[in-house]
Amino acid sequence: MSFKTKDVVLSEDRPKTLLIQKHSDFLAAYGLNKDDYEFCMTEYLRMSGIYWSLTAMELMDQSSRMPKEEIIAFITSCQDSESGGISASNGHDPHMLYTLSAVQVLAMYDRLDAIDREGVVRFVTSLQQEDGSFIGDKWGEVDTRFSFCAVMCLSLLHRLDAINVNKAVDFVLSCMNFDGGFGSKPGSESHAGLIYCCVGTLSICKRMDALKADELAWWLCERQLPSGGLNGRPEKLPDLCYSWWVMSSLSMLNRIHWVDKKNLEQYILACQDAETGGFSDRPGDITDPFHTLFGLAGLSLLGNSSIKSVNPTYCMPQETIDRLKLEPQILYV
Amino acid sequence: MHGRLKVRTSEEEKARKEKERQEKLKHFKYAMQKIFTKRKNGDQDKEQLDLTEKVLSSNPDIYTLWNIRREVLIYIRKNIDSEENISKLYDSELNLTEYCLKINPKSYCSWLQREWVLTTRTDPDWKKELELCNIYLKLDERNFHTWDYRRFVVSQCKPPLQEEFEFTTEKLYDNFSNYSAWHYRSKMLLELYPDLEGGRPIQDNHHKHELKMVQSAAFTDPDDTSAWFYQRWLLGAVKETIRVVTFTVTPQKTIVAWNKFVSADYISSQLKVYFNDVITEGKWISCNEHEYDNLWIFNHNEEIVENINVKIEHKTLDNENEIITCEKYEPFVFIGKNKICFQNQYSESVMKELNEQLDSCRQLLALEPDSKWTLLTTTFFLHCINASLYHKEVVENLQTLKKVDSLRAGYYNDLISKWNIEQQLPCDYENNSLHYKNGFKEKLTSLPHLQYYSFCKTVDLSNQDLTSCILPFLKKLQICEVLDLSGNKLTTLKRFPNLNLEVLNLQNNHELNLEEIELFKEKHKSIKVIF
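From first to last, the protein sequence lines stand for chains F and A.
Sequential numbering from 1 applies to the first sequence in my numbering.
Sequential numbering from 1 applies to the second sequence in my numbering.
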């Protein structure tokens with residue numbers, strides 16, 4: 001049996017420059033037709049969709065093309081007065097994931113007053129468990145994604161004091177693996193997306209010291225494949241969103257130079273669709289707002305000067321994080 | 001959207017598809033509307049289960065619909081049905097999740113629903129669940145949801161851990177490229193075979209056995225990366241102890257550097273500072289203002305006079321007492337240094353195994369001198385077996401790796417910097433100089449272990465390959481007076497820390513902006529900036 005590295009080959013006619021206008025048009029048009037099939041079928045994650053689109057637009061300095069007042073009114077309408085949590089869309093149930101997305105959007109708009117902030121604090125706090133972990137909603141799913149959502153959400157509201165931060169950190173650390181990475185719960189395999197969540201949690205809680213920085217960063221830089229793209233676990237195909245999960249983690253570890261920036265940039269640019277606009281997971285696939293954000297944010301970390309600077313912990317424009325006077329930790333070891 | 005290829009279609013085909021989609025959408029919207037209305041009206045009945053089932057069968061990620069199903073099931077159980085019928089309902093719920101997982105094996109909601117059913121019903125069949133995991137892992141051996149679910153099932157039905165360990169062996173002999181199985185194995189190895197007496201993570205004979213297993217895996221196909229990560233972990237699985245490395249007392253500052261991050265609580269309980277044989281109380285401040293740090297500043301009220309006797313006593317977590325006594329290096333400068341060692345300590349039998357494997361690696365390397373993984377592994381064996389003896393060869397290998405595996409050149413450069421510093425440090429700790437300069441020809445690209453040099457008054461980092469990324473590290477140079485950063489690759493001074501420098505040389509950093517230097521000078525008036 002001969003081993004073959006899973007990867008893609010970039011074609012010669014791939015996009016090689018950043019098509020900002022195309023992406024801005026793509027996102028501005030997304031959701032204009034409320035009867036669009038894709039749009040309707042993704043209602044259950046609408047709030048995150050708004051966060052992906054708005055952040056991408058912000059990074060391109062085009063957020064004025066988004067219907068700001070409509071979005072803010074929508075968020076207000078999605079808050080559940082009883083639990084304080086926010087849902088993906090009207091009629092759906094409040095959940096940690098969408099509560100965070102809503103808070104991120106409002107933080108970018110500097111309109112956190114549009115929701116009952118104490119309600120959000122109450123909701124997030126109510127989801128912390130005895131062992132420090134967080135569940136996504138009252139149904140009890142435990143995941144390190146929710147730990148990250150919780151601390152990010154509360155820190156954006158300057159209310160980290162509302163939870164037991166030490167226990168939250170201890171739980172995340174109990175998910176650390178032999179390779180220095182993290183999974184979704186204790187015992188789970190390392191995965192770049194969850195590594196981002198766990199490193200991000202430690203960055204916000206200022207406990208980056210607890211990481212095995214060299215081991216983890218080595219595992220992360222080994223995600224880069226000959227095409228320049230990054231995968232999320234060993235022996236998997238590259239996917240554009242890992243440009244964000246891996247690169248943001250490496251940024252927080254101050255080791256972004258462990259990957260080849262030029263090759264990665266080529267891969268990210270190749271994931272653009274020159275006709276429709278937007279980015280996809282791999283060259284030639286269908287584009288969507290999710291990958292469009294992470295493509296742009298990845299390019300921002302690589303230092304592309306036509307995109308605003310993104311904060312590696314929050315995946316929001318650095319200027320928003322500065323305005324809120326937040327200082328997530330970067331590791332200097 | 002993951003892995004959906006864009007396909008070109010004719011206009012006609014497009015129109016036909018769009019019509020089909022609009023039809024589907026109509027049904028979808030109607031069903032959702034009906035479900036939400038029923039929920040509002042409190043209709044928790046069989047019809048609601050049927051409606052949600054229909055939508056979920058093609059859209060298993062609509063989380064709210066699963067919530068509604070659980071509410072209905074709870075309601076039915078509480079109010080109406082017989083135990084037998086309930087059990088049937090649970091069975092059909094499991095069938096639904098199975099169906100959904102066939103459409104999307106990574107559907108978080110479907111997996112959660114399955115967990116919920118099994119922990120809610122009174123008659124769960126865990127054995128069947130474990131078998132289901134076996135089947136799913138045959139279909140996709142890397143689906144982390146299935147692995148997580150397996151761990152959940154195991155936590156409920158508690159089969160002997162040994163059986164699970166053997167399951168990973170079986171999986172790995174099917175395919176050594178199964179990283180998920182290596183991962184699971186690492187967890188169980190620590191639980192089954194910890195070396196409680198020796199304080200090492202893994203018992204010797206098992207440590208050795210695992211090394212052998214990795215070797216056979218890795219040599220089956222060196223380009224498959226999975227086993228190499230496991231091997232790297234095994235190589236690093238040695239005992240680690242927190243130690244003080246150096247201790248500096250000047251009239252301005254008293255600082256203690258550690259080999260690892262420690263908290264103020266740790267220091268307060270494990271460390272005593274004696275001035276003239278009397279315990280001194282004071283406050284510990286982290287150099288970076290963090291909860292855990294490897295350099296701590298001790299605020300106390302002792303006066304530092306010409307002749308003073310200072311020592312510290314560190315009680316390690318193994319209850320070993322290390323006492324470090326300060327020596328006078330200069331008038332009013334007292335420094336204590338510990339014995340430092342970066343060499344991994346292995347048992348005799350593991351060491352023997354490492355040496356044997358090194359030999360096989362070298363043989364393989366002779367056949368394929370440019371094989372990245374063979375070269376990298378050889379290099380790590382050399383470093384782990386005897387870092388100082390093999391240092392030259394290690395660095396040469398890393399230089400080759402920069403070419404063979406150029407994507408990760410930045411990593412190899414930093415590794416050279418780190419291992420060069422580790423070679424130099426023990427020598428620098430032997431002499432009485434208050435000066436630091438890189439003694440190797442390879443230029444430094446990063447500054448690991450800088451807290452070890454916290455006692456230096458003059459630090460020469462000139463003509464290295466340092467970028468502005470390293471600036472925050474300089475905070476460790478707490479008593480440095482003269483710092484030379486000339487001839488590097490600095491681009492900005494934005495994150496330059498506050499230090500009590502007298503002289504700072506920034507010459508020949510060609511991308512450093514003049515305006516920024518002027519601003520820096522303005523802000524740090526007491527520093528003489530050479531540019």
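Certain hints may be false.
With a Cα cut of at most 25 angstroms, we get these calculated DSS-like pairs of lysine-lysine [stated by the list, open to error]:
1) A:K26 / F:K185
2) A:K311 / A:K272
3) A:K26 / A:K38
4) F:K34 / A:K26
5) F:K4 / F:K261
6) A:K187 / F:K167
7) A:K24 / A:K38
8) F:K236 / F:K4
9) A:K187 / F:K261
10) A:K403 / A:K441
11) F:K34 / A:K54
12) F:K34 / A:K40
13) F:K4 / A:K138
14) A:K26 / F:K6
Rough simulated footprint, nothing fancy, chain F against chain A, three-plus residues with beta-carbon under 8 angstroms [to be verified]:
15) 107-121
16) 313-321
17) 395-404
18) 454-461
To give an idea of the chain F side of the interface with chain A (calculated C-beta under 7 angstroms), a few residues [stated by the list, open to error]:
19) Y109
20) D281
21) Y332
For the record, the hints were derived by calculation from the structure and aren't laboratory data.
Every residue, glycine too, gets a C-beta built ideally from N, C-alpha and C.
When the hints from earlier in the document are held up against this structure, which numbers fail?
1, 9, 14, 16, 17, 18, 19
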